[in-house]
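With these hints in hand, go ahead and build the complete structure from the sequences.
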Amino acid sequence: MVRACVHYRDGRKVADLPLTAISDVLERPDDGFVWVALHEPDAELLHGVQEEFGLHPLAVEDALKAHQRPKMETYGEVLFLVLHTAQSHDCRIALGETHIFLGPRYLLTVRHGASLPYASARERSEQHPELLRLGGPAFGLYAVLDYAVDNYFPIIEQHRAALEALEKDLFDGDFKRDNVRRLYELKRDLTRLRLSISPLGDMLQHLTRSPTPLIDEAMLPYLRDVFDHVVRVNEAIDTMREMLGAALSVNLALATAQQGEVVKRLAGWAALLAVPTLIASWYGMNFEHMPELGGTYSYFILMGVVALIAGLLFRVLRRARWI
Amino acid sequence: MVRACVHYRDGRKVADLPLTAISDVLERPDDGFVWVALHEPDAELLHGVQEEFGLHPLAVEDALKAHQRPKMETYGEVLFLVLHTAQSHDCRIALGETHIFLGPRYLLTVRHGASLPYASARERSEQHPELLRLGGPAFGLYAVLDYAVDNYFPIIEQHRAALEALEKDLFDGDFKRDNVRRLYELKRDLTRLRLSISPLGDMLQHLTRSPTPLIDEAMLPYLRDVFDHVVRVNEAIDTMREMLGAALSVNLALATAQQGEVVKRLAGWAALLAVPTLIASWYGMNFEHMPELGGTYSYFILMGVVALIAGLLFRVLRRARWI
Amino acid sequence: MVRACVHYRDGRKVADLPLTAISDVLERPDDGFVWVALHEPDAELLHGVQEEFGLHPLAVEDALKAHQRPKMETYGEVLFLVLHTAQSHDCRIALGETHIFLGPRYLLTVRHGASLPYASARERSEQHPELLRLGGPAFGLYAVLDYAVDNYFPIIEQHRAALEALEKDLFDGDFKRDNVRRLYELKRDLTRLRLSISPLGDMLQHLTRSPTPLIDEAMLPYLRDVFDHVVRVNEAIDTMREMLGAALSVNLALATAQQGEVVKRLAGWAALLAVPTLIASWYGMNFEHMPELGGTYSYFILMGVVALIAGLLFRVLRRARWI
Amino acid sequence: MVRACVHYRDGRKVADLPLTAISDVLERPDDGFVWVALHEPDAELLHGVQEEFGLHPLAVEDALKAHQRPKMETYGEVLFLVLHTAQSHDCRIALGETHIFLGPRYLLTVRHGASLPYASARERSEQHPELLRLGGPAFGLYAVLDYAVDNYFPIIEQHRAALEALEKDLFDGDFKRDNVRRLYELKRDLTRLRLSISPLGDMLQHLTRSPTPLIDEAMLPYLRDVFDHVVRVNEAIDTMREMLGAALSVNLALATAQQGEVVKRLAGWAALLAVPTLIASWYGMNFEHMPELGGTYSYFILMGVVALIAGLLFRVLRRARWI
Amino acid sequence: MVRACVHYRDGRKVADLPLTAISDVLERPDDGFVWVALHEPDAELLHGVQEEFGLHPLAVEDALKAHQRPKMETYGEVLFLVLHTAQSHDCRIALGETHIFLGPRYLLTVRHGASLPYASARERSEQHPELLRLGGPAFGLYAVLDYAVDNYFPIIEQHRAALEALEKDLFDGDFKRDNVRRLYELKRDLTRLRLSISPLGDMLQHLTRSPTPLIDEAMLPYLRDVFDHVVRVNEAIDTMREMLGAALSVNLALATAQQGEVVKRLAGWAALLAVPTLIASWYGMNFEHMPELGGTYSYFILMGVVALIAGLLFRVLRRARWI
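Quick note, the sequences are listed as chains R, A, E, L and X, same order.
1 is the number of the first residue of the first sequence in my numbering; add one for each residue after it.
1 is the number of the first residue of the second sequence in my numbering; add one for each residue after it.
1 is the number of the first residue of the third sequence in my numbering; add one for each residue after it.
1 is the number of the first residue of the fourth sequence in my numbering; add one for each residue after it.
1 is the number of the first residue of the fifth sequence in my numbering; add one for each residue after it.
Just so you know, nobody snuck in bad clues.
It does not matter which identical chain is used: a pair holds within one copy or between any two.
Quick list of in silico lysine to any residue cross-link-like pairs, SDA-like style, CA-CA up to 20 Å:
hint: 1; residue 1: K71; residue 2: S198
hint: 2; residue 1: K168; residue 2: L186
hint: 3; residue 1: K65; residue 2: D228
hint: 4; residue 1: K176; residue 2: L317
hint: 5; residue 1: K13; residue 2: D24
hint: 6; residue 1: K65; residue 2: E51
hint: 7; residue 1: K168; residue 2: R192
hint: 8; residue 1: K71; residue 2: V231
hint: 9; residue 1: K71; residue 2: D228
hint: 10; residue 1: K71; residue 2: G201
hint: 11; residue 1: K168; residue 2: R181
hint: 12; residue 1: K65; residue 2: V231
hint: 13; residue 1: K71; residue 2: E40
hint: 14; residue 1: K65; residue 2: R124
Bear in mind the hints are in silico, worked out from the structure with no lab data behind them.
It should be emphasised that the depicted structure is a prediction, and the values quoted were computed from it without experimental measurement.
Put into structure tokens, the structure is as follows:
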């Protein structure tokens with residue numbers, strides 16, 4: 001589906017174009033640039049666009065299939081980028097792919113799966129006509145990348161909150177089987193996120209270090225700014241992954257310790273009960289001559305003795321925190 | 001065994017050749033290229049081919065023994081590659097080796113052990129005569145590499161499914177001795193796979209970064225595409241290996257926790273039974289004067305008292321989840 | 001808030017300037033340099049300063065928002081640095097940010113969040129007029145960086161002391177649930193600290209290896225000295241992180257071992273009590289013909305036998321350290 | 001001890017030389033090269049050889065002491081290599097050292113400790129006179145390195161077999177204290193092996209990437225072939241080390257699980273016995289009025305009831321796999 | 001304190017100098033070099049030396065404070081090195097610092113804390129006058145570095161012995177709380193040692209790869225030899241650290257297993273005693289009609305039955321290794 005097909009000149013929007021008018025614009029020298037945004041295009045639409053811009057077949061094949069890892073490729077004078085976008089639906093991460101073609105006078109974005117539309121990135125670009133004039137489609141590329149990366153931050157925040165809740169649960173309450181599952185799932189999510197975002201850092205670093213003629217030097221600080229955001233996302237993910245590992249270890253230690261507590265309690269109460277039981281068994285013996293059994297108050301004395309022993313034992317065990 | 005020996009000119013198949021006719025073709029300048037496919041050749045056949053193409057003895061020795069690690073070597077103007085192929089037979093991974101000689105005007109593949117024949121790679125090449133004309137044997141190389149790498153994907157999928165089944169089992173059911181074994185075997189499989197595929201990534205990166213005259217520049221995006229697939233396989237393997245490590249930890253934590261549950265139960269029921277046992281022992285004592293023993297309803301009162309204590313204890317333990 | 005706006009010439013303070021007089025000074029060639037220190041400036045103040053110095057809008061945006069990671073960026077002939085500062089309030093780490101603009105003839109610091117004022121860094125610079133004349137604003141930069149890094153040392157010391165106290169606790173006393181929590185929190189703190197300080201090391205290494213005209217060569221040993229302090233902080237953090245990991249493992253081993261001790265005790269005392277209980281039950285049997293029951297001294301003999309058995313058992317178990 | 005001192009010309013052995021004749025050969029230009037093999041020479045012999053060839057005193061000191069790590073050093077136009085050799089005696093690894101001096105027209109090997117003699121490497125060289133002529137002493141170097149590396153393979157195989165036996169034992173049988181010890185010793189062995197072989201990889205990579213005039217370019221594929229074998233040994237070691245780590249974890253999980261099983265059994269049987277014990281104690285009470293005790297068949301009825309309860313309990317526990 | 005101040009010419013000692021005569025020697029061209037050794041100098045002495053040699057203030061500040069990490073710095077034509085020295089006092093590692101200034105015609109060493117005096121390094125240098133003449137102060141530097149590094153070896157040996165004793169203890173005896181503490185302390189020691197020695201490796205590698213005019217090329221093999229010793233120390237430390245990690249894991253597994261053994265024993269003996277206890281309780285019941293109680297030999301028959309059951313149970317449990 002065509003989401004937008006706009007002609008910009010001198011940093012300002014000139015007109016919405018039909019797709020077929022693109023090549024006319026591109027043929028006129030110095031007539032600004034074209035920004036086309038597609039959303040899950042079918043093969044027909046994509047091949048139409050391919051002809052309009054003269055795109056490399058391999059890149060178009062990628063953009064159609066949309067199961068690529070984030071990468072950057074140069075086809076002749078065209079820069080082709082694949083990036084992963086992330087969104088959170090009901091606490092589950094949904095990933096999408098965006099394929100970007102940056103030509104000398106055009107920017108083409110192809111959006112697949114979970115991602116927000118880039119309309120707001122276009123709007124933001126249009127608010128800076130001087131930069132849009134200066135950078136041309138490269139400024140549009142910056143706006144799209146910046147927008148895509150910024151969409152990772154709320155997801156990171158969500159996971160950080162989830163991790164903090166887990167930590168609280170871990171240290172405050174009992175061992176819960178479910179906590180382990182949540183730790184494991186957090187780890188899986190973060191591993192997926194890292195695979196999505198970290199290649200983008202390499203791409204941006206490469207772009208800013210060995211610049212292409214497609215990207216005006218004045219745009220480099222902007223791309224480095226996006227790079228910085230990517231690094232922040234990466235660092236947040238890595239920190240969380242590390243803390244998750246520690247949390248798993250801690251969890252095991254606490255489970256072991258808790259089990260130790262249970263055994264202690266078991267041992268303590270067993271001891272407390274075993275002594276009177278032994279005494280009771282003792283005086284259940286049927287010897288004919290057991291002098292203790294005869295006296296009138298023997299039984300009551302025994303009760304006192306047992307109560308005393310049990311009481312002392314209770315105090316000893318309580319002090320040793322076995323009960 | 002000779003699987004194919006085909007003469008291509010201008011991107012189209014000219015004829016199937018006998019092996020001995022190869023040198024005739026190669027002597028005629030500008031007469032296309034030859035694509036030879038062997039399957040587990042014996043020494044005699046291989047030496048015949050060696051003479052036909054003039055191959056380096058070390059490479060031929062490798063191609064005969066077929067216990068090489070994936071590698072790339074340049075002998076004069078000939079590029080020699082060893083790659084590992086993988087197939088899944090009955091949930092077990094079987095590895096094979098393919099040795100490839102890429103000359104200026106020939107492509108020779110030698111297949112050993114588990115791998116699918118490259119006939120379909122040849123067919124796919126023939127469907128793109130323009131690229132086959134442009135790239136010559138290098139396009140054939142691309143087709144073979146692409147095919148070999150793509151054969152890893154179903155194996156990766158299989159292992160991912162196995163891992164997910166294990167995860168489900170881990171969190172849903174009891175600790176099973178067998179799960180640990182399966183985790184261990186998965187880890188071993190993935191370690192083997194990684195050793196097979198990851199050197200191929202280095203080889204492709206080297207090929208695309210420092211290109212040889214054997215490979216036309218127009219072929220580089222195709223090789224980079226294969227490289228990208230290799231990276232995807234690698235990332236999938238690494239992710240699974242990492243999750244396997246976490247699963248092992250999780251498993252240990254769950255085993256510890258489960259044992260703690262058992263101990264709790266043991267302790268709970270022991271406590272529940274110990275109290276009436278103590279009381280029963282108590283009134284089994286043979287003191288002459290035990291006033292409680294005399295009354296007509298003493299026994300029934302005691303029954304009530306014991307039932308009450310046991311009932312209360314049961315509620316307390318149940319609430320504390322010890323029973 | 002403007003903390004300082006000072007005009008230096010030939011390494012000596014000339015005058016405190018109003019902000020608006022800065023451009024006058026900068027217009028006069030060879031008239032020393034200006035050092036401006038701001039503390040959490042509002043947008044208006046910052047934009048005033050931006051106009052005075054002609055700063056890049058991206059950098060100013062960063063300096064206003066203050067949620068950057070440590071980084072270094074060159075905008076034209078101006079060097080822009082973000083560094084994190086750390087302070088310890090009530091045993092909790094509070095992080096702040098300082099944004100530094102180093103121009104050919106000015107130094108501008110913008111301080112956010114937890115950090116000590118740089119007044120003492122300025123004072124120290126003024127005590128070395130010869131270096132301040134030689135290095136100009138670059139010497140001021142050194143003084144600020146040196147001061148900021150040195151403020152990490154007491155925090156590191158605090159954590160080292162906390163770790164040592166924990167180690168002592170770990171090996172001397174019983175397993176404490178709270179120790180695990182403290183280990184975990186230490187790890188989290190150190191991870192945050194590392195993210196704050198370690199990029200500064202990269203920045204300083206880059207500055208000293210590929211020097212800019214902004215920084216006189218004579219200043220490089222001073223910057224390398226700061227780099228060295230950063231490395232020391234980093235090494236201290238890494239060492240502690242590693243020991244924390246070991247402490248977690250050790251903790252788990254000790255918890256397991258302690259539990260083993262408890263089980264041993266439980267088993268030992270259970271055995272000690274089980275034998276007399278068995279004997280007592282035995283002579284509680286109601287067989288008509290039990291010759292042992294009849295004799296006058298039978299009971300006393302039994303008492304002796306039981307005491308003997310219990311005594312022997314006690315010695316055996318004590319030797320085996322089960323009691 | 002002098003093992004061999006041979007004069008080669010045009011790839012063929014000319015004569016066995018006395019040591020003192022070496023300098024005569026080397027003085028005649030273009031008169032082939034000399035291959036000297038020593039085995040644990042004493043200081044006197046080594047200094048004689050040093051004078052004959054004019055070796056660097058540091059290298060000779062190394063060759064005498066033989067406690068070097070694998071390394072490569074260039075002294076003037078002489079290449080000096082130290083490599084570690086490995087042999088397996090009674091399942092224990094014995095390491096040796098070989099010091100190699102490669103001059104423009106000589107090859108000197110000094111063998112210490114556990115290693116096989118290089119006679120077979122010399123024989124193999126002599127079977128390829130064309131390569132020996134082409135490569136001169138560098139081909140001899142190749143033969144020695146190839147032979148030394150190939151001697152690692154049987155050791156690797158032995159360890160792999162040991163690991164597989166351990167794995168089988170781990171999953172099939174009970175936890176054995178001895179298995180842990182064997183895992184630990186395997187890890188130690190592999191760590192030692194890795195330190196012996198892996199620097200050789202770096203040396204070979206360096207040799208083949210920045211070639212010296214001592215080594216003819218035609219020899220490089222041969223050295224790369226040895227490099228490849230080293231990488232295979234390294235990969236095998238790394239894989240085993242990784243699996244050993246996993247085996248240790250698995251072992252712990254299985255030990256924990258096995259302990260859990262024991263506790264379950266303990267709990268199960270304790271429960272099974274506790275119920276009849278309670279009942280028996282119950283009817284051992286001495287209440288005067290216990291109606292159940294009176295009837296003629298009471299005892300038999302009780303026996304039936306207890307048998308029934310025990311039977312039911314047995315079935316329940318068996319189903320839950322607690323017995 | 002001044003330990004030595006010696007004037008060397010043509011590789012031989014000329015005279016002991018007073019400090020104030022140094023500048024006279026240095027003013028005369030081609031008059032050899034001066035070697036000064038200080039031990040924990042006070043500020044006054046150090047500033048005297050600073051004036052004599054014209055040292056950089058930052059380096060002198062370092063040499064006075066002596067809390068530097070190992071590093072290398074070039075101040076003009078002077079090379080400044082900080083290295084850590086290690087000594088073992090009563091099984092505890094004591095670290096010292098040595099600061100070295102290498103000028104074109106002087107060598108100045110400043111020793112702090114635990115280290116042996118460098119007198120023996122000077123003596124060894126004087127035994128090689130030809131090298132001392134050739135290398136000048138750089139040969140002295142070699143002698144000092146070599147001596148400092150060689151002092152690490154006995155410490156490494158000590159730790160290796162401690163680790164081996166621990167390993168033996170681990171596998172032979174019971175779990176000891178103290179072993180865990182020793183493992184932990186070994187790890188801490190080795191971490192400290194690694195921080196002390198490993199930067200020296202980087203320094204030496206840098207010195208030998210990008211040589212300075214201060215160091216004659218003929219000295220490079222000697223420095224590389226020291227580098228090699230550093231690498232050996234590093235490898236020994238890394239190996240031990242790795243084995244320590246494995247030992248911790250092994251320890252945990254053994255602790256778990258040992259606990260399992262205890263539980264098994266507990267369960268076994270409990271079972272052995274529980275059966276006769278049940279039987280005894282059984283015949284303690286007060287039913288009026290219990291035919292077994294009546295016969296004259298009933299009691300003896302029961303004794304036989306109980307002995308038989310206990311005996312059988314004992315054999316079964318012993319075979320299953322539960323007792």
